[in-house]
Amino acid sequence: MANYLIKRILMLVPLLLGITLITFTVIHLAPGEPVEMATAMSPKASAATRARLREFYGLDKPLHVQYGMWLSNLSRLDFGRSFAPDNRPVLDKIKERIPITISLNVIALILEFGLALPIGIMAAVHRDTLLDRAISVFVFVGFAVPTFWLALLCMYLFGVKLGWLPISGIHSLGSDQWSFFWRSADLARHLVLPVSIATFGSLAGLSRYMRSTMIEVLSQDYITTARAKGVRERVVIYRHALKNALLPVITLLGFSLPALIGGSVIFETIFSIPGMGQLFYQGVMARDYPLVMGILVIGACLTLIGNLLADLCYALADPRIRHGRG
Amino acid sequence: MSLARTVCLLVLLFLTACGKDAPWNKAQGQGGSQFVTGSIGEPSNLIPILASDSSSSDISGLVYNGLVRYDKNLKLEGDLAESWEVSPDGLKITFHLRRGVKWHDGHDFTSRDVLYTYRVTVDPKTPTAYAEDFKQVQSAQAPDPYTFRVTYAKPFAPALASWGMPILPAHLLEGKDITKSALSRNPVGTGPYIFKEWVPGQRLVLEAYPKYWEGAPHLARYVYRIIPDNSTMYMELKAGGVDMMGLSPVQYQRQTTREEFLARFNKYRYPASAYTYLGYNLRLPMFQDVRVRRAITCAINKEEIIQGVLLGMGQIAHGPYKPGTWAYKSKVDNDPGYDPERAKELLQEAGYHMGAGGILEKDGKPLSFTIMTNQGNDQRLKCAQIIQMRLKKVGIDVKIRVMEWASFLTNFIDKGKFEAVLLGWTISQDPDLYDVWHSSKTGPKELNFIHYLNPELDRLIVEGRGTFDMAKRRDCYYKIQEILAKDQPYTFLYVPDALPVVTSRIKGIEPAPAGIMHNFIKWYVEQ
Numbered sequence: 008m009a010n011y012l013i014k015r016i017l018m019l020v021p022l023l024l025g026i027t028l029i030t031f032t033v034i035h036l037a038p039g040e041p042v043e044m045a046t047a048m049s050p051k052a053s054a055a056t057r058a059r060l061r062e063f064y065g066l067d068k069p070l071h072v073q074y075g076m077w078l079s080n081l082s083r084l085d086f087g088r089s090f091a092p093d094n095r096p097v098l099d100k101i102k103e104r105i106p107i108t109i110s111l112n113v114i115a116l117i118l119e120f121g122l123a124l125p126i127g128i129m130a131a132v133h134r135d136t137l138l139d140r141a142i143s144v145f146v147f148v149g150f151a152v153p154t155f156w157l158a159l160l161c162m163y164l165f166g167v168k169l170g171w172l173p174i175s176g177i178h179s180l181g182s183d184q185w186s187f188f189w190r191s192a193d194l195a196r197h198l199v200l201p202v203s204i205a206t207f208g209s210l211a212g213l214s215r216y217m218r219s220t221m222i223e224v225l226s227q228d229y230i231t232t233a234r235a236k237g238v239r240e241r242v243v244i245y246r247h248a249l250k251n252a253l254l255p256v257i258t259l260l261g262f263s264l265p266a267l268i269g270g271s272v273i274f275e276t277i278f279s280i281p282g283m284g285q286l287f288y289q290g291v292m293a294r295d296y297p298l299v300m301g302i303l304v305i306g307a308c309l310t311l312i313g314n315l316l317a318d319l320c321y322a323l324a325d326p327r328i329r330h331g332r333g
Numbered sequence: 008m009s010l011a012r013t014v015c016l017l018v019l020l021f022l023t024a025c026g027k028d029a030p031w032n033k034a035q036g037q038g039g040s041q042f043v044t045g046s047i048g049e050p051s052n053l054i055p056i057l058a059s060d061s062s063s064s065d066i067s068g069l070v071y072n073g074l075v076r077y078d079k080n081l082k083l084e085g086d087l088a089e090s091w092e093v094s095p096d097g098l099k100i101t102f103h104l105r106r107g108v109k110w111h112d113g114h115d116f117t118s119r120d121v122l123y124t125y126r127v128t129v130d131p132k133t134p135t136a137y138a139e140d141f142k143q144v145q146s147a148q149a150p151d152p153y154t155f156r157v158t159y160a161k162p163f164a165p166a167l168a169s170w171g172m173p174i175l176p177a178h179l180l181e182g183k184d185i186t187k188s189a190l191s192r193n194p195v196g197t198g199p200y201i202f203k204e205w206v207p208g209q210r211l212v213l214e215a216y217p218k219y220w221e222g223a224p225h226l227a228r229y230v231y232r233i234i235p236d237n238s239t240m241y242m243e244l245k246a247g248g249v250d251m252m253g254l255s256p257v258q259y260q261r262q263t264t265r266e267e268f269l270a271r272f273n274k275y276r277y278p279a280s281a282y283t284y285l286g287y288n289l290r291l292p293m294f295q296d297v298r299v300r301r302a303i304t305c306a307i308n309k310e311e312i313i314q315g316v317l318l319g320m321g322q323i324a325h326g327p328y329k330p331g332t333w334a335y336k337s338k339v340d341n342d343p344g345y346d347p348e349r350a351k352e353l354l355q356e357a358g359y360h361m362g363a364g365g366i367l368e369k370d371g372k373p374l375s376f377t378i379m380t381n382q383g384n385d386q387r388l389k390c391a392q393i394i395q396m397r398l399k400k401v402g403i404d405v406k407i408r409v410m411e412w413a414s415f416l417t418n419f420i421d422k423g424k425f426e427a428v429l430l431g432w433t434i435s436q437d438p439d440l441y442d443v444w445h446s447s448k449t450g451p452k453e454l455n456f457i458h459y460l461n462p463e464l465d466r467l468i469v470e471g472r473g474t475f476d477m478a479k480r481r482d483c484y485y486k487i488q489e490i491l492a493k494d495q496p497y498t499f500l501y502v503p504d505a506l507p508v509v510t511s512r513i514k515g516i517e518p519a520p521a522g523i524m525h526n527f528i529k530w531y532v533e534q
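Chains as they are written, first to last, in the numbering used here: chain A, 8 to 333; chain B, 8 to 534.
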């Protein structure tokens, strides 16, 4: 197992390098430079100003030199300074935004798995009944309705009309003066709408996946045998079938890891949540190369770690994989 | 903790939170003398010379002062400068600074601060987009703490307005690297509001400066909330989460007309400092013929565009100035006006005749071009569609192409690879047109990208910026408007209206040519 782990971790290094090289090239291939985005169509910016700004950001150097410099900084865990006019360290900007995105997505992920798995199991167990169909309609509505539209409707109903929930942001104004309890309650109130909508929107995919794997497992011979031996239906489903049906879901969980920090641009924009999705979007629009690269590198690391964890879980579950005979 | 217990706890927390004792219930509807405004964008840097976005300047405008500023009628008046004189030859400006002004940290404001601001702006190491106007300065001196003098190589009329640039505190910045200064997130100014906090992605908070030289502002706190989505901001406005925002024409005309809304809010409407235009690539033979350009203008019904796109919330533009300002000529004799029959005649004079499919032709080539505009601006796209429809009626085939901003600039504008563009300019308070219209500004990445070359216009622009005599300047700009109307290098389309809405809790708002924000420190809440 240790050998397998070391081999897998060593393989991550060239993979990560490859990813950074490709993303670096792709971002620089996109039309428009940060300097241009900031000074385009501005009567106050002359060619000399642009040249001065390009020099300041090191954009006057050849691309491979820029990449080399970026990489050598990265090896010291220095993500560089943002090209936005604030010129702040990229890491500071990410640190500010990451907690909220992670908490929001973790809550949504827990709810999503917590709801989708039982829904999927229920649909599989009661396959082709009215309940199954009702569930299908429900989850597909969530899948089909544009989330931004649903979000706006809910904001209007619960925020403007009924006045029950805050519409946007994550804290009320002046909440820094309140006690810890009220501050937490305030945060929870602010998260109700975004989390519910995020969860509702992604319920369909996961629950349908759970349903199909469950149906597949339930048609296996050992389940038939168990039933034939008179094992109670509850035990058949929750002890024998579920354990096997959950295995492929581990992969999905692994894939969900990068989404935890990526956040969602649409969500964060509609609900004015100062998260990573919003930061990334702003970074891309301003061609803020160091910021975009920083977020991408963290995202890539998490994807790789997610894959690694999923593979490790598989390897633990199935010895053939770790011995290379899979 | 098990999942069930966490969920129970959250539900409990939520139920308690809905109770009447919750602090947000107490706070609601009692904004006090706190003023909350919403903005789509977040400021980038609060050292004004390092930022060029409007959010940064919204905040800087309240934290800092310049030497001069525009009053409510858009005339220059003293701000940190009590008075100034321009030498008879127009080369020297001497500012007499206000005494007793203090920085928010208690230091005295003096001419040293002005000199520092000038020096750091023109310093090649400072990454600023604002050095150009200051580079015209030949020398700058601070003979005593309350006098500041600048000398120019030749008279430069926009110079005075350029001293509206916010003045930075020398005692905090001198000898330090301005790009790494803490002031970029924590500014110290002389303005009516003191910076309090900045919660990234959420809000900035300012507090009234009790010792402000004009008197303390009436509104005790100014909160600048960052709400990146316009629909969300509108809902926040209705729910009482923000006190002011700019409405879109649809919101102004259709969604905010109910009595219930009008009882809670006051809507304002006045011309914005911007115009939208259709610009032609004058390097193309098709557009080199002035008759074709005039014909296009004649064929376009600008009033219809204003009704269709802005729901009437704007006015026809004839030239590059805002109606009502001192350089604006209200009646331009050469303006073609809407006249489709005249358009047809002009095109015929230019040698075009009707070809197959109802499209005009000359030498076997159809009169056809593409209007390019940027993505994300629905008004411009609609405008292009109306133009397309109108031009089709006189036999001109128009295609529309919408592009992402960066590739639009890099791949098409900068390379001169466009036929016509539908874009807009902000109108600066000083009427100098050098950057956009002078023939020396046709180089790569410069603003005269349509390549309009007119020696007479060049002469008038240079003459206009070379004198401080308002009457002479006005004369130049009136002539310029006639030339532009005659030549139609752009078809100037419209000047949209600014449509701010403010909660009726706030009193003391006085709409003027400068908008509503000019007397912000006098706004108050009725007790």
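Don't read these hints as lab results, they were simulated from the structure. Note that beta-carbon positions come from the ideal geometry of N, C-alpha and C, so glycine has one too. Treat the hints with care, as some may be off.
Computed footprint of chain B on chain A, listed as stretches where at least three residues anywhere in the stretch have a Cβ under 8 Å from a Cβ of chain B [unchecked claim]:
{"no.": "1", "segment": "34-47"}
{"no.": "2", "segment": "162-170"}
{"no.": "3", "segment": "209-221"}
{"no.": "4", "segment": "302-308"}
Here is how each hint holds up against the structure:
1. Given as covered by chain B, the segment 34-47 of chain A passes the check, having 8 residues with a CB less than 8 Å from a CB of that chain where 3 are the minimum.
2. With a threshold of 8 Å between beta carbons, the proposed coverage of the segment 162-170 of chain A by chain B holds, since 5 of its residues qualify and at least three are required.
3. Check result for the segment 209-221 of chain A against chain B: violated, 0 residues qualifying (beta carbon to beta carbon below 8 Å, three or more required).
4. Counting residues of the segment 302-308 of chain A whose beta-carbon sits less than 8 Å from any beta-carbon of chain B gives 0, not enough to reach three: the coverage restraint is violated.
Violated hints, listed in ascending order, are 3 and 4; each of the other numbered hints is respected by the structure.
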